Amino acid sequence: MEWPEKIVSVLKANDICSISFVPDGVIGKTLKIAEKDPYFHFTTLAREEEGIGIISGEYFGGRYGVLMMQNAGLGNCVNALASLAIPYQVPFLILISQRGELGEFHACHVTMGRATRKILDSMGIQHFTLHREDNLETILNGAIKTAYASYQPVAVILPTTLVGWKDEK
Amino acid sequence: MINRLEATQYLVQQLSDEPVIASCGNPKFDLFTAAAERKANFYMWNSMGMASSIGLGLAMARPDKKVIILDGDGAILMNLNSLTTAASKAPSNLAHIIWDNEQYQLTGGQPTHTGEKADLGTIARGAGFNKVLTTDTMAAFKKAVSQILSKPGPWILVAKIDSAGALGRPPKSPVYIKNQFMEALLG
Numbered sequence: 001m002e003w004p005e006k007i008v009s010v011l012k013a014n015d016i017c018s019i020s021f022v023p024d025g026v027i028g029k030t031l032k033i034a035e036k037d038p039y040f041h042f043t044t045l046a047r048e049e050e051g052i053g054i055i056s057g058e059y060f061g062g063r064y065g066v067l068m069m070q071n072a073g074l075g076n077c078v079n080a081l082a083s084l085a086i087p088y089q090v091p092f093l094i095l096i097s098q099r100g101e102l103g104e105f106h107a108c109h110v111t112m113g114r115a116t117r118k119i120l121d122s123m124g125i126q127h128f129t130l131h132r133e134d135n136l137e138t139i140l141n142g143a144i145k146t147a148y149a150s151y152q153p154v155a156v157i158l159p160t161t162l163v164g165w166k167d168e169k
Numbered sequence: 170m171i172n173r174l175e176a177t178q179y180l181v182q183q184l185s186d187e188p189v190i191a192s193c194g195n196p197k198f199d200l201f202t203a204a205a206e207r208k209a210n211f212y213m214w215n216s217m218g219m220a221s222s223i224g225l226g227l228a229m230a231r232p233d234k235k236v237i238i239l240d241g242d243g244a245i246l247m248n249l250n251s252l253t254t255a256a257s258k259a260p261s262n263l264a265h266i267i268w269d270n271e272q273y274q275l276t277g278g279q280p281t282h283t284g285e286k287a288d289l290g291t292i293a294r295g296a297g298f299n300k301v302l303t304t305d306t307m308a309a310f311k312k313a314v315s316q317i318l319s320k321p322g323p324w325i326l327v328a329k330i331d332s333a334g335a336l337g338r339p340p341k342s343p344v345y346i347k348n349q350f351m352e353a354l355l356g
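Chains as they are written, first to last, in our numbering: chain Z, 1 to 169; chain U, 170 to 356.
It is worth saying that the hints were derived from the structure and are not from the lab. Each hint should be verified, as a subset may be incorrect.
Said to hold, decoys possible - Subject to a maximum C-alpha distance of 30 Å in a straight line, what follows is the list of computed BS3-like cross-link-like pairs (lysine-lysine):
1) Z/K118 - U/K312
2) U/K320 - U/K341
3) U/K286 - Z/K36
4) Z/K169 - Z/K29
5) U/K312 - U/K300
6) Z/K145 - U/K347
What the hints assert, rightly or not - To give an idea of the chain U side of the interface with chain Z (calculated C-beta under 8 Å), a few residues:
7) N215
8) M219
9) K258
10) V344
11) Q349
12) F350
These figures come from a predicted structure and were not determined experimentally. Note that beta-carbon positions come from the ideal geometry of N, C-alpha and C, so glycine has one too.
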């Protein structure tokens, strides 16, 4: 299995049946695999912050969700994470496609690339980075388990070392 | 003009165990005054704008429950895109009530855009809702509540309200609020 298949199989194994997303190229590859399985429900978000509310509501009703977005969207989520998900203790996985690091072709992604982990750190949100396919399932399973055990959102970052980067200069 | 507390009291009298998501500020203060003993009340502290999204998520996860959102004009203006998402997903068990007093009442009555040119009913229709009601009298509100509770939605009910403040103060512990709410939903 390649990384998109591995991610989707770990989600299903952890009872995460609902995917709320703003797509980018990397998230799109993951969605393409998940869409083949009627187990998953999909919600296209108009703005990433909505996803924090939607996943919280789903959790209150007894269903687990994942938020998939590019790191550009993390800035849109900050207040909902800080004042809803964290204090009300809503456990879920945030899957972040990371722009602005190795192989980035445009300056407008670089600042958020530098800021992503610091934003998460400043809110106390644990985060892990999937650099390789061979230990991807271990890290992703572990991150989800930590989220559920701590009743907190946990972020998993998909860097270009895993997903590749564009040839564009 | 509708009084929010009176309207909230009327609404909860019509409910049994339906979950109610109350936006931060006055909607949740009046919900607490109207029905402090209800476990199926979710009181939001902060995360302004998220009521519409929490309600949508809950409605999608629990098609067996009518989900009621008590929102404010200032709050929904902060998350207008959520209306397009809710209209696209269109869960028939969603009833979204927006108290519209055309102001940020809690912070001193500064006007919101609904006091100028924005019309929430028109915005909801444009977002894709086709069951949209706007009421400005208690009699019309009661009739609308009967419709949104008995017929499939998703519904948007814009209630034009007066500028009265709200005295109720629900529990402050987010985890206590969540646990009470989840116990009501999941047992």
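The hints, checked one at a time:
1. Z/K118 - U/K312: violated (51 Å)
2. U/K320 - U/K341: violated (34 Å)
3. U/K286 - Z/K36: violated (45 Å)
4. Z/K169 - Z/K29: Holds - the C-alpha atoms of Z/K29 and Z/K169 are around 22 Å apart, at most 30 Å.
5. U/K312 - U/K300: holds (14 Å)
6. Z/K145 - U/K347: Holds, at about 21 Å.
7. N215: Interface hint status for U/N215: holds (4 Å vs cutoff 8 Å).
8. M219: Constraint on U/M219 satisfied, holds at 4 Å.
9. K258: holds (6 Å)
10. V344: holds (6 Å)
11. Q349: Since the shortest Cβ distance to chain Z is 11 Å, the answer is violated.
12. F350: The hint holds - U/F350 has a Cβ within 8 Å of chain Z, the shortest such distance being about 6 Å.
Hints 1, 2, 3, 11 from the list above are not met by this structure, while the remaining hints are.
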